[in-house]
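Trainee: Here's the letter readout for the chains.
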Amino acid sequence: MRSKTHIQTTINGEERDFLCEPRQSLLEVLRDTLNLTGTKEGCNDGNCGSCTVTLDGRLVTSCLVLAVEAEGREIGTIEGVAQGNHLHPIQKAFLENAALQCGVCTPGFIVATKVLLEKEPDPSEERIRFFLANNLCRCTGYDKIVQAVQAAALNLRGTKETQA
Amino acid sequence: MSTQYSVIGTRPIRHDGADKVTGRALYGADVQMAGLLHGFILRSPHAHARILSIDTSKAAAFPGVKAVITTHDFPAVDGNKMVDLGEGDTPLSYARGNVLAGDKVLYRGHAVAAVAAVNAHVAEEAAGLIEVVYEVLPCVLHAVDAMRSGAPLLHEDLRTTELGEATTTISNIAQHIRQSKGDIEAGFALADVIVEREFHTSTVHQGYIEPHNATALWNNDGRISIWCSTQGSFVVRDCTAAILDIPVSQIKVTPMEIGGGFGGKIPVYLEPVAALLSKKTGRPVKIVMPRQAVFEATGPTPGSYMKVKVGAKKDGSIVAAQAYLAFEAGAYPGAMVVPASMTVFAAYDIANALVDGYDVVVNKPSTAAYRAPGAPNAAFAMESVVDELALKLGIDPLDLRLRNAAKEGTRRVDGPRFPRIGCVEVLEAMKNSPHYQSPLGGPNRGRGVAIGFWFNIGLPSSCTLNVCADGNVNLIEGSTDIGGSRASIAMQAAEVLGLAAEEIHPTVVDTDSIGYTGVTGGSRTTFATGWAAYEAAQDVVRQMKERAAKLWDVKPEAVEASGGVYKSNGNSIGFKELAGRIAETGGPVVGRAAVNPRGAGGSFAGSIVDVEIDPETGKTTILRFTCVQDVGRAIHPAYVEGQMQGGSVQGIGWALNEEYFMSPDGRMMNSSFLDYRMPTALDVPMIETIIVEVPNPGHPFGVRGVGEANIVPPQAAIANAMSHATGTRFTRLPMSPPAVMEAIWCQGSSSQPS
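Heads up: the protein sequence lines correspond to chains A and F, in order. If you're matching positions, the first sequence starts at 1 in my numbering and goes up one per residue. If you're matching positions, the second sequence starts at 165 in my numbering and goes up one per residue.
If you are wondering where the hints come from, they were derived from the structure by calculation, not from laboratory data. C-beta: ideal position from N, C-alpha, C; glycine also. Please note that a few of the clues may not be correct.
Covered stretches of chain A (in silico footprint by chain F; criterion: 3 or more residues with CB under 8 Å from a CB of chain F, positions within the stretch not fixed) [claimed, not checked]:
#: 1; stretch: 29 to 38
#: 2; stretch: 59 to 65
#: 3; stretch: 103 to 109
#: 4; stretch: 120 to 133
#: 5; stretch: 138 to 145
Derived CB-CB ranges, DEER-like [stated by the list, open to error]:
#: 6; chain 1: F; residue 1: Leu838; chain 2: A; residue 2: Thr162; range: 37 to 45 Å
#: 7; chain 1: F; residue 1: Thr781; chain 2: A; residue 2: Gly57; range: 35 to 43 Å
#: 8; chain 1: F; residue 1: Ala747; chain 2: A; residue 2: Thr5; range: 29 to 37 Å
For reference, chain F alone in the conformation it holds in the complex (with noise of 0.2 Å):
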């Protein structure tokens, strides 16, 4: 395979680039249309509760309201029925109860009724006219409370699965997991060095920008529209659909533009309410979820407790690890533990591991992805133990990764071997790179490093190409754009075809319009869309050799193309001629491909970062931040390092501001953007960025996904400087002003580390 590319590795200006620069761009909450309602959801206000009655009388009488609905208002499902949230199934109970309360309420903002009216204010009015009655059920809000015998349980009919098998036992606990690889005992028998900390971490939000929304018609003709801003159009229709008890067939989706999502864009919240209420107007019904909804209402990411235990001998060889991970899932089960448990020690050739997984429900929004979920939590845990573990062998940290790097055919404890992996590269690059050389001088100023995997999955993706006679080519495609994949899935059609990437014009289509396309998320679409164009492309390069062959009259293998220039026998014709003489060779040419690519890399990045702490106030400051990423191959660098600076900052924000402030009766006291502090542009410095090509055996060009593995080392490598900043070992998030001065202040009444 030629590594020479024309297109790929370049920074053409994205193709949706005028439209998001002048406004123009649709976005979901955008959506206007005659006869539009507004609707509003009514939310629980207690943590956990039963819904003793719902009288919807008041609301239904006033002036201007269209509609009100409740869960009765959907039709009775087989509710142990799966259905597909995207990354996973779960069954279709828990889906509809997340959408509308059932019988109980499982956190503060559970959705309990809904009303269309003329206006979003009327339909706030009315709805604070349904009278709900609720016998309020004592709460719990953290996995290892939820875990004790005697706690409130949330599902009286959750059984745990132990190891695999169901059991009888009733409980918050939905799964217990383990994985394990040689024999943990003899393990730590060999190690000369053991380090065992407890760590915690707070539930954060993606903290998109755009809040979730939904528009409906439900048709006349009993079909059903919908426009959304989902990071799956396909989910949103056949989670609907599960939910509506109609098939799939029955509803068309239209992606809008999408302002964030970070996996929190992939399940279900709002769409089969605006369908319903639809339904009971005839009208189209539009949804726009209220901030403090998104926060309380939509999945944030599990906070966790987590116990790990590294092994090690004198020369620095890792000879056993262990971790204890228990998640919170939220009201649902489905708690981010599995990948977690998958990613704890992946980036580790580790003789002896074990590891135990639980995924706890809690009196919390029910949990979504957040860019490569689970695994920035369990790497928070793992980094900070490598770190000390360094400290006290008087090894250099990226030292001590590198002579325990995972490697291609490692075993991972989970099971699988590693293919050709970046891992070593990655921590190379670290090493050598003009952030690892530099000196850090000055007081309460320290520096810290991380290492972090995440998987990429596949899932399917079709791309249909259809040639123009100017020789442009129009790119229609499913996965909806969150972040430049127009351009990087564009690009991979550009190289094959020979073209620049501006002359490919990528459109995102509706569900009618385009086969079945996974979400966008997994870190997949650049590697999956991505593949699916380069085979949309090699079918018009197929057809395109037919072509020409008629022009010359000789056989289509005959028939060689490269670069865009197609010869045969001393003809030599270039793509945009040949594809001004279509209409006369045979009519149009459209080129398709729909693809379930296995071979998704796995992605390993690293965080470099220098902190200084204020004694006084506990405030740190980011002096310095450099991420380095195994990205397979850059499609367009510019959005790739943009991802890579993305994460990092949703890193730092994580590490130290962000977190879910509950107060005991289970509210959310931080619910807006001024109380939940994300990183604004104060507060960070330039990202640098360092990105290692280790191309991707699986993939034609080499692309690994780039979205997720950026996130997982950032909260460890900043507890680590702190940690050599002050002498103190930070085991919670966030590492919050507040925190630092009580560690600072244990420190100073006690020799121990807190």
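Here chain A stands alone, though its shape is the one from the complex (with noise of 0.2 Å):
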């Protein structure tokens, strides 16, 4: 048996440890270890941004990530995007929007519009389209995604001046 290493992490808020061998990525770990299977692989080298999650509060694609990286720092995945048994409005605005399929590259757009959303607003069509570039999705051409986010962003800026 190869040694582990001993991860203290924290994971959508809570402080989580695990042990994993060097050559685990932090997908695998997430997924295997810590049973958060919101997080998909589809292809593990980088590529389709299915398993994007947050590295304190960067998007990273968690297959090109060490487990061991994890060390010390804030991961977020699409499990702790709802509140509690409230949808986050992006999440209401997939739904709505019907901006999804099969659903399997959904988790990784959700977390990915989330970061977009908090840094910039109000996108443009264009400057989602070129955010979203990460992330593959094959079954809805993309048109109903952009549409979500749109209404997403619409929603929370709504919100946000109402709470101003």
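Put the complex together from the two separate chains, hints included.
Mentor: Structure below.
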């Protein structure tokens, strides 16, 4: 048996620890060790975006991050997007706009969209398409995904103005 | 039949939506269980080779390894027995040979052996220790080369079936089919203008984001449980049973959520291997394919060589058409040349036509269905020729198509007469569309149109409805849901019962828990399983009438039901209230239906596209794209639009970028998503959709399948647009930047269009 490393990290705001081999990716540990299977594997070489998570707020493809790199970092996955029983406005917008078919790319798109709209509350269509070009979807042709992101952006801006 | 619907045509939130936006939906690779082992498959590095020996001893001895298997671990079976692959049969020897190679490997990536170990890394390391001695053989990669005499033979016992008759000829041509109508020579003699072109298309992959996967447990009582992502759980059950030579009743397949399929997740690759590894280890075994294996070893759609010749009179009436279609089946017979032959001229009423089709094996992965399989290749050729004909005749390309359009009663070249179809309605909608009516200005720009046809199939489907005391209904079905079919099926039951879509709760269950249900494919699911839901709902209505009759002490036939309200002799009760009283009126109400419907309607789709070509780089930009499709009846219009948009963008990728880039020795050089360049969000515009509804008389609600026809016309429409932008005819797919530059350069050096 290969020796394992003890890693302490924060996932979706909760402190977590796990043992991993040096060769294991963050994706593998999220899915197989921590049972956070909402993060999907599509290619395992950083080209499809299905495994997109945040690492200290930055978008990463978790298949290209070693699990040991999670030490002391903050990780955000699809499981942390909804607030308790309430869907995030982005999740609602994806449902209301029929922005998913098979759904396997959806977690990656939602995690990426959340980062986009936190940074840029009013992105243009071109900007949305550019930002989400890291995430492949083969079912929808992207039309309804772009519309869902636009709808979510509008909703989130409205919520912010109401709060202000 | 009333066409005033309360549920059909609305856009409810899909029933599996919350699971899919929160990451809770469980796909095949998400299966976890106690004692789980992980499998890895060793694949051939050669495109064509004889296996001289396999030594697994070092792998078996590697720490953490629990079992190693090769084809010799499969039971001896009659290889000529036919097995159902979902949309057609194949000899068991081919199905089994593709799962684990026998004495030869036929393509790079062909499975050779498999390892089960404590984790996937150990399994992969151990697979590297398996020693296989190959005698490398020359390979053949393209249909035209494989058809030449003296070409390397893939199967030394493959005898050509010639026009339906078995022959003694051994070759790579599995079959030659011919369809004819009228007198082809006399037809061309009537023509004022004839256009003839040759076309080539590359092998392309469905490109679903989720890799194939399977988990199997061979239990101590001999029963096998399989969890996988598949388009057809019953096909997995039946095919696995045939390969393992055990009765179908001994296998239970649980279809997990499926991350895309498009036809490519009908064949069985991993399930029998995982089952056998489980038998050897006594533990559950999971195998997930690496992406490279998905490209190299699962079924893409055929590459093809085609020649199409069409003749027309000056007034635009097409008098004769001829096609020669040679399709690459990959390693085992079964190229989609039959549907290609049946669809190549399907949009037209042509008196004289002849189609020759060849199913050719080559050293590439065994092809599988991909959205309207065969039809996009054929339409690329035919619709390009029709476009050129329109130019030569000086007729608007849509007017030329309308003049010759197939209608109800038109006899297809392959025999049958069309029932009610929407070819004319689609062409008219294209012509009247805001897109086609708008001007297109600017240099290096062009507009193209094309139309395409695809069949729908029926196949068996089953459905059970359980009435809850609160008046909601649980719907049990066996059609795996790739793109929202839970919703489209539940909505049909809701319409009959007078309930809201949200009051039906659909669940896709395992093969032990529902009657036989065919694959999610062939544009059949909303049609056929929707029909089963319709019939099951009628069964519920019948029983609910009996319950109301009991309450009121009248005969059941005296009770009328409409919109969820049951009435008789001045009495009236709503479905919900009546559901609350089923316990006192006889116990549970369960509606059932098992159907095998005929009457699947064909679907036509049209594409209108504007492109701009950068003459410096050869890059083609899609400026605007409109998809028009006859869907019969749109049950859930948002998911209908989604199918149209998705198919269109796959067509754009196929047209502009996607190809299996093969080295001469049969290695796919671009087997990753980085190099096999599928469209990203940045590569495409919004896809405009126009839903045409010509109800299918063969379905209670008029449903036609919507999943496939939309991928048929985009390639030709884009080629036509690019031809108009450059003045050069494009006859090869993909029309990638290098191909475009070459065409522009050739144009500069010669007045002949390439």
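Trainee: Work down the list of hints and note, for each, if the structure agrees.
Mentor: For each hint, the structure was consulted:
no.: 1; hint: 29 to 38; in the structure: holds (count 6)
no.: 2; hint: 59 to 65; in the structure: violated (count 0)
no.: 3; hint: 103 to 109; in the structure: holds (count 5)
no.: 4; hint: 120 to 133; in the structure: holds (count 6)
no.: 5; hint: 138 to 145; in the structure: holds (count 8)
no.: 6; hint: F:Leu838 <-> A:Thr162: 37 to 45 Å; in the structure: 43 Å, holds
no.: 7; hint: F:Thr781 <-> A:Gly57: 35 to 43 Å; in the structure: 36 Å, holds
no.: 8; hint: F:Ala747 <-> A:Thr5: 29 to 37 Å; in the structure: 59 Å, violated
The structure fails to meet hints 2 and 8 from the earlier list, while all remaining hints are met.
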